[in-house]
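Listed here are the chains, written in short residue letters.
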Amino acid sequence: MDIATTTLSGVPLVEVSGEIDHASSEPFERSISAVLAEDDRIVLIDVSEVTYLDSGGISVLVTAVRRVRHSGWVGVVGANPNVKRLIEIVGLSVDHGLRMFPDRTAAVEAVDGFSSE
Amino acid sequence: MSPQESSPRRRFSVKAESSELTLVRRFVEEEAARAGLQEPRVFDLKVAVSEACANAVEHSGENPGPLEIISLRTHEHLTFQILDTGDFRVPEANVNLRRESRGLGLPLMVALMDEVNISRLQGGGTKVTLSVSLRSNSGAVRAR
Chain A
94 MDIATTTLSG VPLVEVSGEI DHASSEPFER SISAVLAEDD RIVLIDVSEV TYLDSGGISV
154 LVTAVRRVRH SGWVGVVGAN PNVKRLIEIV GLSVDHGLRM FPDRTAAVEA VDGFSSE
Chain B
285 MSPQESSPRR RFSVKAESSE LTLVRRFVEE EAARAGLQEP RVFDLKVAVS EACANAVEHS
345 GENPGPLEII SLRTHEHLTF QILDTGDFRV PEANVNLRRE SRGLGLPLMV ALMDEVNISR
405 LQGGGTKVTL SVSLRSNSGA VRAR
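Chains as they are written, first to last, in the numbering used here: chain A, 94 to 210; chain B, 285 to 428.
Honestly, the hints are just simulated from the structure, not real lab data.
In this text, a Cβ means the ideal position worked out from N, Cα and C, and glycines have one as well.
Check each hint, because a few of them may be wrong.
[To be verified] Per label pair, the in silico range of CB-to-CB distance:
id, chain 1, residue 1, chain 2, residue 2, range
1, A, Ala-130, B, Thr-358, 37 to 43 Å
2, A, Ser-164, B, Leu-405, 47 to 53 Å
3, B, Val-394, A, Glu-119, 24 to 30 Å
4, B, Gly-407, A, Ala-97, 43 to 49 Å
5, B, Asn-401, A, Gly-103, 48 to 54 Å
6, B, Glu-301, A, Arg-162, 44 to 50 Å
7, A, Thr-144, B, Asn-401, 26 to 32 Å
8, A, Asn-173, B, Gln-406, 20 to 26 Å
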């Protein structure tokens with residue numbers, strides 16, 4: 094697993110690639126905590142280069158959703174069909190604190206729309 | 285001879301450490317390819333076997349013992365057995381769990397596999413058996 098952090102349209106963006114399992118979940122969680130400021134309402138996680146995800150990665154997403162869901166959401170960007178299906182199976186995709194986007198363009202539209210709400 | 289004994293059977297052994305999970309998934313990929321399985325079933329098997337191994341790693345303690353993964357192929361099923369030397373832990377009983385969703389492993393195995401079996405081994409240890417049908421390549425569960 095490799096991780097880079099940046100910002101997109103004014104919100105933190107975590108770019109993660111490779112396999113997210115029980116061995117890599119801790120560094121993944123640390124990197125999200127590091128970019129997520131106390132008053133941030135949105136965090137974007139680009140998973141388009143993630144080839145594998147299990148409950149090790151799901152638990153990190155759940156933790157992130159819990160942090161922001163009272164006032165915002167976690168945006169998961171570019172999930173491949175397997176990753177998307179796993180997020181759906183555990184019921185995270187129906188939580189109002191998590192949104193799925195096919196690409197960054199769609200994510201930016203939602204971020205800009207949310208900011209002007 | 286039982287059908288299983290006469291069929292392809294492979295054994296893969298690692299230390300019960302989470303850093304070994306990647307190697308376990310490469311073994312699962314190879315075996316799934318040999319059995320002619322395609323996505324998304326290959327992914328389902330990787331998740332289920334990884335979850336079973338991660339569970340074993342979690343209760344292996346400070347001196348991790350061996351973790352054995354055996355693949356068995358019949359005409360109808362591809363099966364993985366995960367054998368460890370620990371005891372299957374009841375998630376709710378562990379007050380030290382850091383993450384709330386840690387108990388997702390077993391539900392995921394059940395959701396993704398056609399058959400899941402957990403048994404205690406004589407002399408200590410746990411055997412998790414995970415099986416997928418080779419007759420249909422469709423997923424076992426529909427997403428919500």
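Results for each hint:
1. Ala-130(A) x Thr-358(B): 37 to 43 Å: Between Ala-130(A) and Thr-358(B), where Cβ atoms are some 55 Å apart, the hint is violated.
2. Ser-164(A) x Leu-405(B): 47 to 53 Å: The hinted range 47 to 53 Å holds for Ser-164(A) and Leu-405(B), with Cβ atoms some 49 Å apart.
3. Val-394(B) x Glu-119(A): 24 to 30 Å: The hint (24 to 30 Å, Cβ to Cβ) holds, given that Val-394(B) and Glu-119(A) are roughly 26 Å apart.
4. Gly-407(B) x Ala-97(A): 43 to 49 Å: Roughly 48 Å apart at Cβ, these two residues keep to the hinted range, so it holds.
5. Asn-401(B) x Gly-103(A): 48 to 54 Å: holds (51 Å)
6. Glu-301(B) x Arg-162(A): 44 to 50 Å: violated (34 Å)
7. Thr-144(A) x Asn-401(B): 26 to 32 Å: holds (28 Å)
8. Asn-173(A) x Gln-406(B): 20 to 26 Å: violated (42 Å)
Violation of the numbered hints given earlier is confined to hints 1, 6, 8; the remaining hints are satisfied by the structure.
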